[in-house]
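2 protein chains.
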Amino acid sequence: MSRDLYLGIDMGGTQIKIAVVTPKGIIKEETAISTDIKAKPFTILKAIVDVSVRLKSYSKIKSIGVGIAGDVDSKNGIVRFSPNLPKWKNIELKKILEKLTNKKTFVDNDANTASLGAFWLDTKGKSNNLICITLGTGVGGGLIFNKSLYVGASGTAGEVGHITIDPYGRKCNCGNRGCIETFVGAKYLSEYASKYFKKNRSHILDKIINKEYPLITPHLLSKIASLGDKYAKEIWNIVGEKLGIFLSIVVNFSNPDTIVLCGGLSHAAKYFFPRLKSEVNIRAFRSASKACKIIVSKYTHKLGVVGAAMLPKH
Amino acid sequence: MSRDLYLGIDMGGTQIKIAVVTPKGIIKEETAISTDIKAKPFTILKAIVDVSVRLKSYSKIKSIGVGIAGDVDSKNGIVRFSPNLPKWKNIELKKILEKLTNKKTFVDNDANTASLGAFWLDTKGKSNNLICITLGTGVGGGLIFNKSLYVGASGTAGEVGHITIDPYGRKCNCGNRGCIETFVGAKYLSEYASKYFKKNRSHILDKIINKEYPLITPHLLSKIASLGDKYAKEIWNIVGEKLGIFLSIVVNFSNPDTIVLCGGLSHAAKYFFPRLKSEVNIRAFRSASKACKIIVSKYTHKLGVVGAAMLPKH
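One line per chain: the protein sequences are A and B, in this order. One rule links them: number in our numbering = place in the first sequence (from 1) + 106. One rule links them: number in our numbering = place in the second sequence (from 1) + 106.
Note that these hints are calculated values from the structure, not bench results. One thing to keep in mind: the hints can contain errors.
Since the list gives no way to pick out one identical chain from another, each pair is judged satisfied if it fits inside one copy or across any two copies.
Unchecked claim - List time: in silico DSBU-like cross-link candidates among lysine-lysine, alpha-carbon distance up to 35 Å:
| id | residue 1 | residue 2 |
| --- | --- | --- |
| 1 | Lys-419 | Lys-396 |
| 2 | Lys-201 | Lys-301 |
| 3 | Lys-376 | Lys-195 |
| 4 | Lys-166 | Lys-305 |
| 5 | Lys-399 | Lys-419 |
| 6 | Lys-166 | Lys-209 |
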């Protein structure tokens, strides 16, 4: 019997997604279990295997790929530390899964698996040079050069969240000023928007909130922008400007054919995308900017699990 | 007879360097002719071949590589435009040289050949991921990923001169603000330094110049810094800060094992390097910055010709 399918596991902080994926990155079968962050890592891995072996196409699976947030030694398949799973410290994930399943196992961080997911789902494996930017609580990135995952000298290539885009800008938790994360990371954006609306009362926000304004999450900021709030639009415009400056640096430096935006904030793309695009057009080298499609992933929630499955191919 | 040597040609605006190079990037034999920018491209190429065939080791040459400033279609070996050689427009350099020599010929722009030169001369071919930054009138760059030249989707990867490092900074000739070139490009630096010394008289400069201050070239700025001038030191310190911000972006994004600085301004490294280093240490991801050696090329004048010779290997 031919074994030409790949098992992908996306270890999230609330849910663990599991999928069987074809060599072209298409999901054939999928399932999920909720994440018990208090459980021992081995118990969780045992539960994942128990669920996986019951998948109809399990017998055709060739190898396993796992994506997880945090500091991962992908060469040896060890999870050094994961912010979502505080009990996971120096866990030999590859070794454990290989013992439990007798299948070759690959492990990488979630920014890299997301970029492989974007490569297979959003470009159908056609891109040669793709940069995937995850816009969430932080800002992450994964690089695919010549159709292969590029991780750099010590495995941190694409860790773009603390790239300086304004050397004298906002103070970042990392100690510096003007990291891209301080402008578009969800936490910073909420803080900024909340302060902004403390100073500027919004009639639209007044209509939907009948007491003290809550924390202005990106989700709420999208909602009031959709109702026409000019302050919310202004804030999204600033997000677009800063992301545009950032992406112009990426385009000039690495001349990719595709940039894929994904993660929670990417759902608000319609509010920041026009400004983002115009900023890139102004700031990036013309031929490089012409050669680069900037898209919002249509598969944000599937990127991790598909990319994890495809790890052995890259 | 074994043919295992490479011919490199570095087409400069004043001089054309020609060298025979071993497979390890070592120069075996070299010569040069001065550049007649008024001559027809074919005449110049004929002169290059005439000189080359007289080299002792010419018969052992396997292939030819040419580096030239400007817009080069490296795939087809066509020089679309070269700022140093105004008569060179859409010249089929590869075709012409192959016809004249009957040897396979490769052509690329000078930033890429410099990076290959740095790879072979400064790291002896040992680096895996190297970024070469040329600090001259402009700021150029070449990228070597996984020991291969990386040129991106449309061949402009590494064209770093117009990367924004301060979005609200100095106005650049390209129309934007805060490109790295506006802070460290030789022309901008001279302008800035000249203005600076118009406002601040320097006792040291007064001693060596007994009339109106001339244009403060980087060379002069180095000289007065070497004599202890505090203003000159201050300006070099700013150069170090800006280059440090820029390189921290490069380190965070691409996690190289080596960054090589070359070009005219790199000779003044001792005046700007300490600040550059401290800025990178502050701003770059710790493990990425630890993994990256930043060095000043010891072979600035040889990089182009050696890198050109090595083109066929990459």
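Find the hints from earlier in the document that the structure breaks and name them by number, from lowest to highest.
2, 3 and 4
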